[in-house]
Every structure is written in C-alpha cells, then in structure tokens.
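K.L.:
Go ahead and model the full structure; you've got the sequences and the hints to work with.
Protein sequence lines, in the order shown, are assigned to chains B and E.
Read left to right, the first sequence gives residues 1 to 357 (this note's numbering).
Read left to right, the second sequence gives residues 1001 to 1266 (this note's numbering).
Hints in this document: simulated from the structure, not taken from any laboratory.
Bear in mind that the values here come from a model prediction, so they are computed numbers and not experimental data.
Where a beta carbon is used, it is the ideal one built from N, C-alpha and C, also for glycine.
Among the hints, erroneous ones may be present.
[Unchecked claim] Restraint-style ranges between C-beta atoms, simulated for each label pair:
id: 1; chain 1: B; residue 1: T68; chain 2: E; residue 2: T1132; range: 50 to 58 Å
id: 2; chain 1: E; residue 1: S1173; chain 2: B; residue 2: R59; range: 21 to 29 Å
id: 3; chain 1: B; residue 1: S162; chain 2: E; residue 2: V1112; range: 49 to 57 Å
id: 4; chain 1: E; residue 1: C1018; chain 2: B; residue 2: M168; range: 51 to 59 Å
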Amino acid sequence: MSSVEFKGVSKAFGRTVAVEQTDLVVQQGEFFSMLGPSGCGKSTTLRMLAGFLTPTTGRILVNGRDITDLPPEARGIGIVFQNYAIFPHMNVYDNIAFGLVERRQDKATIRRKVEAALEQVGLTGYGERFERELSGGQKQRVALARVLVIEPEILLLDEPLSALDKKMREEMKFWIKDIQKSIGITTVYVTHDQSEALTMSDRIAVMNEGRMLQVGTPVDIYEKPASRFIAEFIGDSNLLDVTVVKSNGTRCDVDLGDGLIVPAHVSDTVRLTPGSSAGLLIRPEMLRLAPALKGEGPRLTGKVVDRVYQGALRRYHVAAGRHELVVEVPNRPELSPLSPGAEVQLFWSEESGVAVP
Amino acid sequence: MGRKIPLPMLIMAILGFCYMLVPIVIVVLAGLTAGEFLTFPPEGLSLRWVIAFLQSEKYLSAFFFSFRLALMTMIVATIIGTAAALFLSRTRFIGRGAMRAFFLSPVVLPGVVIGFALFAFYISTGIGLTRTIWGLWIGHILYSTPYVIGTVGAALASYDVSLDEAARSLGASPMRTFRKVTLPNISQGIQAGSIFAFIVSFGQFEVSLFLSAPNSEPLPIAMYNSLRYKFDPSAAAAGIFAIMLVTASVLLTNRLVNIRRLLDRN
Ligand SMILES: Nc1ncnc2c1ncn2[C@@H]1O[C@H](COP(=O)(O)OP(=O)(O)OP(=O)(O)O)[C@@H](O)[C@H]1O
Ligand SMILES: [Mg+2]
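P.N.:
Shown next, in the form of structure tokens:
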C-alpha cells in the first residue's frame, strides 16, 4: 500500500528550478532515503511534503488523501530537523508534550505519553532539562520523541545526524533504524551521506540537480547504478572508459581498448546502444591482485604505481594501459604487500563489472 | 586566572566612563545645591530644591505628564515596532531593504526635522492635531518605534525559523505558534525595545518643542521653559528625578530578565 505519493511534483524559486517534475511512491512502513549532493533539492522535496513549501506543479498524496493544500498543522506528518529545533524556552517534558497539548489531550494522558516517549528514547528522568543542558545526541532523541509522541502517519528526517560526531553518528544510525522498524512508521530520510543511506534504507532515491536519477534498494544502487554520477557518488569507484560492443537486456559486452572485450551487467532501467561509449564500473574491493595467476574471468595487466596503507586494508593504484584503477586489498598476512613498479594482473568476477551510460 | 586588561585600554575605558558620567554627576550636585542659583560646584548641599521640585505644581505635573506620555508611547511603539520587525524579517519582496531603511529613518533624522515636518503637516492639513496631546503622542510614537524595530529585528535575525516550523508540524496554528514559540523567544528583544521607546520618549525634546500643547508640557520642555527666564536649580532637581526614573526602569527590566533566566536554570 502506498503511503506517500508524488504526482508530477516540481518546485521553482523564481527562475531556479529546485525540484524537477517528480513522480514517486513510498510504500507503507518503508524507510525511504533521498541522497544527493548539497543543493540537489532534497530539503525542498521534504519541505513540500511537510507543508512548509507549496509545490509549483503537481499533487502530493498521503495514504490516498490529497494533502497538497493542507497547512503543516493539519497533515499529521512529523519532522526532525538537522539542528533539532528543540524549543529553548521549554524543558524537555514540555517540548515533548507540545504536540499533545495542541491536540487538547488531558493532563493525565499527556503525562503518560510523555513519560513513555522519554523511556522509548532512553531519556527517563531528563524531563526537567533544557535544550542547553543536553548533548547533541540527547537533543536528537528529544526531537524524535517529540515527533513520535503525536503518532504521525509519516516521519520526516532532514539530515538528522550531520551535527553529530562520527561515533555518535554510527550509534544513532542503528538506533533510529531500530525505532523506525519497531513502530513500522513510513519514513522519508534526507542525507548527503551515502553510508547512512545504504545502512538504513529500504529504498534510496539518488538525486542530482533537482532530479531523482535512480530509485532502488541499497543493493541496486550500489551494485547496479544507472549512471556514472550515481556510480561515483556512492562508494569508491573505478570507472573505465569503454565502448559498448553488444547489448542484450541486463547484460552486455564492452571493449576496454586494444580489442579486450569483457562481459558486464547493466541496470534494468538503462538501455545501452552498441557502438556508444560507456563507463565500466568495478568497485575497488571487487578487484583481486596477483603477480600472475591462471584462471577464468576478465582481467587486466598493469603495474603498481602507488601503495597506501590504511590499517584494515591496503590501497593500490594500478596503471593498466590507458586505464588507472584503485584496488583495495584486505590487510592479511598471507596477502603480502606489493611494491610500486611490480607487474600485476587484475581480476574481477563477471558479476562485479557494471556498464553505465 | 584573572583576565588581564591592558593598562592603556583600562585608562581609556575609565576616561570614557567618566566622560559619560560627569554630566550626570553635575546635574545631581547642581540639584542638591544650597545656593540660590544653578551653579557648579554647588554652594553647599541641601534638599531645598528637591523639595521645591516636589512642591512645584508645574514640574510635578510635567513629570507625570512625561511619564504617562512615555508609557503610552511605549505601548503603541512596542506593538507597531514588533509587527513591523516581524513583517520585515518574515517576508521577501523587492524593495524590502528600502522599506527597512524607511522604517528606521527616524533614528537618523534629526528630531528637529521630524518635529517640524509633523508640525507643518498638522497645520497645513488642518486635521486638528496641532499642539494637542494626540499630535504630540503621534510624534513620540513615530520617533520611538524605530528603536523597537531595531531591537526586535535583531532578535528575529538570530531566531531559528525551524522552531516555528516544528511547532506548526506538531499541530499548532500560525497564531498559536507565534504566541507559544516565537514570542517567548524574542521577548528579550521586545523588552529591550520597549525600554528604549520609553526612555527615548521620556527624554524627547525637539519633537516635543514643535508639538506639545501649551497646557500640558513634557518635563524636558518644562525645564527648558523655566530655565529661559530664571536660572533655577529646581530644573536640576527635576533632572535628578528623570535620571532616577530612567535608571530604575533599566534596572527593573534587567532584574526581570535575569530572574527569568534564573527560573529557567532550575
Ligand atoms: N527559499 C528559497 N529560495 C530560493 N532558492 C531556494 C530556496 N530554498 C532552496 N533554494 C534553492 O533550491 C535548491 C535546492 O535546495 P535544497 O535546500 O532543497 O537543497 P538540499 O539538497 O537540501 O541541499 P543541502 O544538502 O545543502 O541541504 C538550491 O539551489 C537552493 O539554492
Ligand atoms: Mg538540505
């Protein structure tokens, strides 16, 4: 069942188009992320859904109901902001009670719900505190409790982790996902951090310049990106310039130059025409390095140019003809380090090569 | 570890402080003179002129008239100024900068110009405001409102609009959002602005000179008028009370604001 639906929604500010015509369906209970670089229109999309902005064209539906013309207070949508927006003149208790008070619930009910919400976010006993007495992570929890207590139909989160330090971010990532799952609330999450999107989401929309370029599961997005932009934006990538030789649905053959033709996969949303130039994506961790190895599968011969020690892994830069590739090798004793200048062969399995337009 | 202020800076600060304080000290001492005339240094100290002020029908009524005028001006200026500041900060349109400058212009325009302009306006339109308390009130409001716009505008500039958005999406109407979220968070700016408006109106001279009605003079005009004919120390005594009133209003608000903070802490 669809929970959120965008029908031809776009938004222009004067002459700048922040969001191009977008059609989108978010399913009931889904954790849906919008991922893209700064200024690509993520917040604008979210703010239209929350009711702070009116779309220039199109309609927005929530659970089948057209909410395009409703003010924010009539939408039943909860939003958590990047800076949390905790009311500084109220203590934590009153912050969380705010939405319930606006709904004219009686004192006893409010008390019960606020206490339950505090417990849910692990802040029992923090009711009397004020915003300035809370850490970033605690503010985050209050902001979430304040929204969840009104039992919204949709939960919106606009870069809720970007103000936290790395360790806290990791922790909150799983915490938010856990809460979301346990309530089963439809969630739209905005981030420019690909690792957040990959870990938390059921589906991700990759955005650039106001357009949703690809919508799919984290596996789809990471392993079958639909364009060079997505391939490069998500994860580390080797993108080799190739020519399409043969194309057949989700499989194709590409020419790496010098007549070296290898098979590759293609996202099912993409059509490649033979003869056109394309990119061959091979993730650094998908490549294997060996001085010389007999075996099956596509391979390239090259020379180690540089080696970077990164603790858990070693990162090699390898020149292979006109291509330059990055290879990540786990730091294990049996994989003895290769020195710059060493002749090597690069292997990858057929499935890990993806052709992108 | 105590914070060390460089000596030259300390000397400058003390000099600056004295420069501002000396006129006040002179007025206070002159008002406490035991002599017949307004002189400095005073010829001995006494409460003679203070008592004279308290017994002077003219000064007392001028003092209370100014007080009431400043109070009424403060109320209207606070409302208009807050509304104007909200409008200026919450809307985006071409000419907004020009409009802001226009609203704030009474701060930079000499009071004489405003006073005279209004005087000429009242006379030439004949709307019956010339030298009436209503006309004077309007003049004071015009003169004081920009101070409220300035302080409330500053409070709004640092106000995080997502607080309002959070309140809205939690179910509060625009009015409720303003009352329960915006207003409490800009109240310090509003308070500061209203004190400014009160003080500016209480001490206003040039605008009042053109607009005050003959039978109800504000204190500065009364002091000026009496000094024109007689170099009378009771004018300085009146000054003492004016200084006391202004100081008290500043201290009082300071106290109120601090108490609020204290309450928030616990
Ligand atoms: N109120 C506005 N007036 C004019 N232009 C705006 C307004 N809000 C956003 N924009 C423009 O719309 C585009 C998209 O902005 P948006 O805030 O949606 O980006 P974003 O993807 O959320 O970026 P970030 O990751 O930096 O938050 C930007 O080019 C921005 O300058
Ligand atoms: Mg944004």
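K.L.:
Next step is simple, just say for each hint if it's right about the structure.
P.N.:
Structure-based check of each hint:
1. Separated by about 54 Å at the C-beta atoms, T68 (chain B) and T1132 (chain E) satisfy the suggested range of 50 to 58 Å.
2. For S1173 (chain E) and R59 (chain B), the Cβ-Cβ distance of about 24 Å falls inside the hinted range of 21 to 29 Å, so the restraint holds.
3. The hinted range of 49 to 57 Å is satisfied by S162 (chain B) and V1112 (chain E), whose Cβ atoms lie roughly 55 Å apart.
4. Here the CB-CB span from C1018 (chain E) to M168 (chain B) is close to 52 Å, well matched to the stated 51 to 59 Å.
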